[in-house]
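K.L.:
Each chain, written out:
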Amino acid sequence: MKRIDLFLNEREVEKVCKAMLKAGAPGYSVMRHVTGMGVGGEISEAMDFSSFGANAHVIVFCEASLLQALREAVKPVLRRYGGVGFVSDAETF
Amino acid sequence: MKRIDLFLNEREVEKVCKAMLKAGAPGYSVMRHVTGMGVGGEISEAMDFSSFGANAHVIVFCEASLLQALREAVKPVLRRYGGVGFVSDAETF
Amino acid sequence: MKRIDLFLNEREVEKVCKAMLKAGAPGYSVMRHVTGMGVGGEISEAMDFSSFGANAHVIVFCEASLLQALREAVKPVLRRYGGVGFVSDAETF
Amino acid sequence: MQSSLVLQNLLSAPILFFFLGVLAVILDSDLEIPSPLPKLFSLYLLLAIGFRGGVELAHSGLGRLVLLTIGAAILMSLLIPITSFFLLRTRLDPYNAAAVAASYGSISAVTFITAQSFLNVLKIPFDGFMVAALALMESPAIVIGVVMARLATTGSSRSGAASEGRLEVEESGGLRWGELLREAFLNGSIFLLIGSLIIGYAVATFSPAGVEKMEPFTEKLFYGVLCFFLLDMGLIAAQRLQDLRKAGAFLIGFAVLAPLVHALVGLGISRLLGLNQGDSLLFMVLCASASYIAVPAAMRMTVPQANPSLYISTSLGVTFPFNVVVGIPIYMALVQRCIPASLG
Amino acid sequence: MQSSLVLQNLLSAPILFFFLGVLAVILDSDLEIPSPLPKLFSLYLLLAIGFRGGVELAHSGLGRLVLLTIGAAILMSLLIPITSFFLLRTRLDPYNAAAVAASYGSISAVTFITAQSFLNVLKIPFDGFMVAALALMESPAIVIGVVMARLATTGSSRSGAASEGRLEVEESGGLRWGELLREAFLNGSIFLLIGSLIIGYAVATFSPAGVEKMEPFTEKLFYGVLCFFLLDMGLIAAQRLQDLRKAGAFLIGFAVLAPLVHALVGLGISRLLGLNQGDSLLFMVLCASASYIAVPAAMRMTVPQANPSLYISTSLGVTFPFNVVVGIPIYMALVQRCIPASLG
Amino acid sequence: MQSSLVLQNLLSAPILFFFLGVLAVILDSDLEIPSPLPKLFSLYLLLAIGFRGGVELAHSGLGRLVLLTIGAAILMSLLIPITSFFLLRTRLDPYNAAAVAASYGSISAVTFITAQSFLNVLKIPFDGFMVAALALMESPAIVIGVVMARLATTGSSRSGAASEGRLEVEESGGLRWGELLREAFLNGSIFLLIGSLIIGYAVATFSPAGVEKMEPFTEKLFYGVLCFFLLDMGLIAAQRLQDLRKAGAFLIGFAVLAPLVHALVGLGISRLLGLNQGDSLLFMVLCASASYIAVPAAMRMTVPQANPSLYISTSLGVTFPFNVVVGIPIYMALVQRCIPASLG
Ligand SMILES: Nc1ncnc2c1ncn2[C@@H]1O[C@H](COP(=O)(O)O)[C@@H](O)[C@H]1O
Ligand SMILES: Nc1ncnc2c1ncn2[C@@H]1O[C@H](COP(=O)(O)O)[C@@H](O)[C@H]1O
Ligand SMILES: Nc1ncnc2c1ncn2[C@@H]1O[C@H](COP(=O)(O)O)[C@@H](O)[C@H]1O
Ligand code: NA
Ligand code: NA
Ligand code: NA
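Protein sequences, first through last, are from chains A, B, C, D, E and F. Mapping of the first sequence onto our numbering: position 47 corresponds to residue 47, and the numbering continues sequentially without gaps. Mapping of the second sequence onto our numbering: position 69 corresponds to residue 69, and the numbering continues sequentially without gaps. Mapping of the third sequence onto our numbering: position 6 corresponds to residue 6, and the numbering continues sequentially without gaps. Mapping of the fourth sequence onto our numbering: position 339 corresponds to residue 339, and the numbering continues sequentially without gaps. Mapping of the fifth sequence onto our numbering: position 179 corresponds to residue 179, and the numbering continues sequentially without gaps. Mapping of the sixth sequence onto our numbering: position 276 corresponds to residue 276, and the numbering continues sequentially without gaps.
No wet-lab data here; the hints were simulated from the structure. Among these hints, one or two may not hold up.
Capping the alpha-carbon separation at 16 Å, the derived lysine to aspartate or glutamate pairs in EDC-like fashion look like this [as the list claims (entries may be wrong)]: (1) D:K220 with F:E215; (2) B:K2 with B:E63; (3) F:K220 with E:E215; (4) D:K220 with E:E215; (5) F:K123 with D:E212; (6) C:K75 with C:D5; (7) A:K2 with A:E91; (8) C:K2 with A:D89; (9) E:K220 with D:E219; (10) C:K2 with A:D5; (11) B:K15 with F:D28; (12) A:K2 with B:D89; (13) C:K2 with B:D89; (14) E:K123 with F:E212; (15) A:K15 with A:E72; (16) F:K220 with D:E56.
Produce the complete structure using the sequences and hints provided.
P.N.:
Next up, the structure:
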């Protein structure tokens, strides 16, 4: 199995998750209110009163064979709005 | 070392964590307010005003030898109320 | 690539993240409001009304060559105030 | 008359904010009331309504009418889930039938509060002891629901009814009574409501100066917070409507007709008891409303085999809007026709 | 006179709490107003100001002056971003120029509210319809900003202007109008403000008793919540000041001079329209203020190539404090010099 | 008389809500006030009490009695941690002794507020300057605590006293004064309290109209929010009681006897100073109460070797409930016996 970790703005989460389900993801988990730093600069929760949004952390566990399809589903959003993704190995507990 | 990731309803977290400590876990970390999708359907924070509860993400780092005991401690709860678990490799930083 | 997971008190997060950036980390993500259990006992959100603080979960993805520098940046804080760190393998998605 | 009542309700601030929430979802606005703000409003409303009810109960005392009304309310919260269960059982498995039935036997505090606001605007008086009825109707339906589910599945265990991929785990032969009673009586919202009721009663009885000091908090803010909470309810109810396709026509029909039938039974009982117009409306609303706070939380723990999206969607997506938007004025019209105003 | 107005503003509770927030950051205190509490205050302020504006609009009616004023306000929200865009374009790439321009064309509700509080303390009357102008000035600037960005980059696409490491992705040839209009008109804060305005109007017209019941919530709490929110604004604005080094002298100069120039234009229009002193100040503040709630959220979605720290820092780190601390009293002094008090 | 005071306190709304919270934990209810709502209540209470205190201070002025009282208060906040440290040192290591001592030298704002509410119900007047004493008693105890810990461990360093598995890291020879002073004087809650006090003073002095506009927010809501916060304190204090087993009989005894002794000293000083009955009670409460907001946060940063569950459990799990439930009425009975009412 593989584990995918995505970090992207909260406002794109819904779009990304729908795209991954469509591409065959068996499930996902989302943590909001994530702050951080990347090439796009620092993201804090200070603007939370607007709907500007902090980051979200999306986790997907799936079969290795799905990786390519999920990558294609996610990449356009990450490219347009920023965000990063990482993969690692995992097994069912 | 091993890393265990559990996703289950917030309301079962206390039960599960106590069971894991009893089974020998050296520690754990819990993130609440997790939303997600699995075989049990979509879990959102919208019902948070009731005590219906969203998901929680529980992380345990432990020796590989503990895996079996922890699995046995956790499985009954996951089976009754839903939730999933995954394992991967890790080392102390 | 490597993935670093740190668990430490929210109040030390800023210090730790600045130290890691200085040591060359390409980015990081922070989740606050983490509860847990370790050698320092149980950490809950119950004291959140004071600025006592719960835990935070800091994630850094970086090249393996950076590990040693980051370890040196982080260790003094973990040693003084408590907190744990783990490493695992990862790849870009 | 009836249409003017409906209009008067539709144009009240709380209902308009409810519609604003629904509209936000329909138009795909990103308006959101982030967690835990809805919880803040809900805790506040329960504390305030409980405290006020307790104060008024202390003034009115526990007379014969009060006790009879509370008794009748508890009776309804036992009967409704039983009759509903058998009706729902014709189409649903025992777990889902029991969970939905429990919702309809229990009550919705927000529907009750909205009815009180409606009466306030019409300047029709009502009594504080109705809050005691509200508080005591929450738990029995939960117990009945769980017992029905258990009775209907004992013997036929391992029946393949495992819904949603959950394995049914028969544990040490039978009902976990401890867990059930805790869910039924110590659920946070039930506990806060009953606790605030008792505190209001005690303060009004033993240190009346304290009542005055609470009043700006429990009275003045109430209407505004209700508007805010109904805005959120509008957002959530509209999101739930999408789940309804899965629920199917049968459950949607149940969610609209059950409140009407239960309200009519409530009207009959109100007349028998000799309640005034305001209390009659509140009694009807208690019977007609379905729980979407305490019961879903309790059902998830005690009947995990049932599918939450079924019992939440029906009570929150259909019955709640129905009662709040058109139910209350319809019930009021019936009250004005059947309950003599002079009794008020 | 002028200096006394400045002092009176500086020593008001909201401004002092704003300074307290700034001081906390300067002294490195760990004072923090954790999320989502600022959102609670912001939702409350929008709901309350919208509802009150609607109620007053219902009382004053939609006369000729009202419609002319609203028309002039919308005109300003179209003109300001265009002139600002061309000025900013001299130093910034089209994306950043467009995003900053959109901010200054739109408005800051909190600056407006602070100006209202200032007028209240001076006991100078103003009209409810100005809230309608406020509400209608939010969206046009967003649309103009996006259109300008698109016009300026069409043809010169693939221009290497990709800022902050983001690749510019030209999608199916052009503007996503659906997304743009949703961001411009259905942004949560705009939607809540306009919705509350309409609800206030409807309730005042059709069930005036409801207005009284909302009043303790929307009126009495207002000043205190404003203080709390300005405390948070002080914390955030001071943090933003650090980003300003990156913005550079040109943008900082723009952030101070643009409000002055826009306020003067607003003063001229107010005089032409024959607004009273209170409304003139509010009109000037609408022109002078820059959005840091609705516009940044919309720009991130519709012009992701622009650098948020530029447009947020200028509007929130410079223009907001400038307006709130010294702008408002300066504008008031100008109003007292140019607008006859007898018209009030 | 004494027992009637106790009863009057026990049956007040805030104390009853405190018990409701305790009961929820005992009965294992899932009632919870999710984060950051307790923070909202706490920020509100600090802002409101500070602002009101400042306003009253502006009215009463900074006379001789005021300055003497504040001086005596600061003196107590220096003496109590020193005497407590030497007493605690008989059983605890220097780090834990210092941290607990600092808690008892500092104050609990919520205990103070509860005492004010108690006086309000009894209609006994008290002065606004006591809030200034409250605000200035927070920091000195923190400094003393850290200094004691450092003095007691210098030379005996590397003593193996490392508690809870933490390595003691001696850094560049000695006290980090910068960090210490920041924790002592710029801790968020201390900063907000003192800031609001100064703002209240300034507004009352320079723009009295602003005081009236704040009043519905800072006065009317106060009692209700206090109830809500005490409900949460009940939940937390009861959870802390479980930690007490680890604390042991010595610390529990200290947590009950220290407030009594400190209150008696406070009573003596009040009599010497010639304070009226209300102010005397408040002075006693300041001496008797122990901090569980500012000090724990400061100690974790400055004396990380100490075990938080020790100093939080004693102050929040024992001393706070003791003071709030039985301490305040006992102190009041002593005041009525020792302080002539005619001075009031
Ligand atoms: N190397 C990294 N390790 C962990 N999180 C990262 C890393 N790089 C970026 N992120 C997260 O991804 C978000 C978006 O990244 P970016 O698009 O690079 O600005 C950041 O705000 C961080 O939360
Ligand atoms: N494949 C997956 N990847 C990540 N999270 C998952 C996955 N499957 C389930 N989850 C999480 O686990 C929760 C419970 O899963 P389930 O019991 O399958 O409904 C879901 O709500 C998700 O938050
Ligand atoms: N074995 C573990 N697995 C997961 N999280 C841990 C583990 N040990 C410690 N933690 C987290 O790290 C925090 C600080 O640990 P400690 O310094 O050991 O008290 C704890 O409160 C937990 O949140
Ligand atoms: Na019912
Ligand atoms: Na503007
Ligand atoms: Na003290």
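K.L.:
Looking back at the numbered hints, which does the structure fail to meet, lowest number first?
P.N.:
Hint check: 16 fails alone, others pass.
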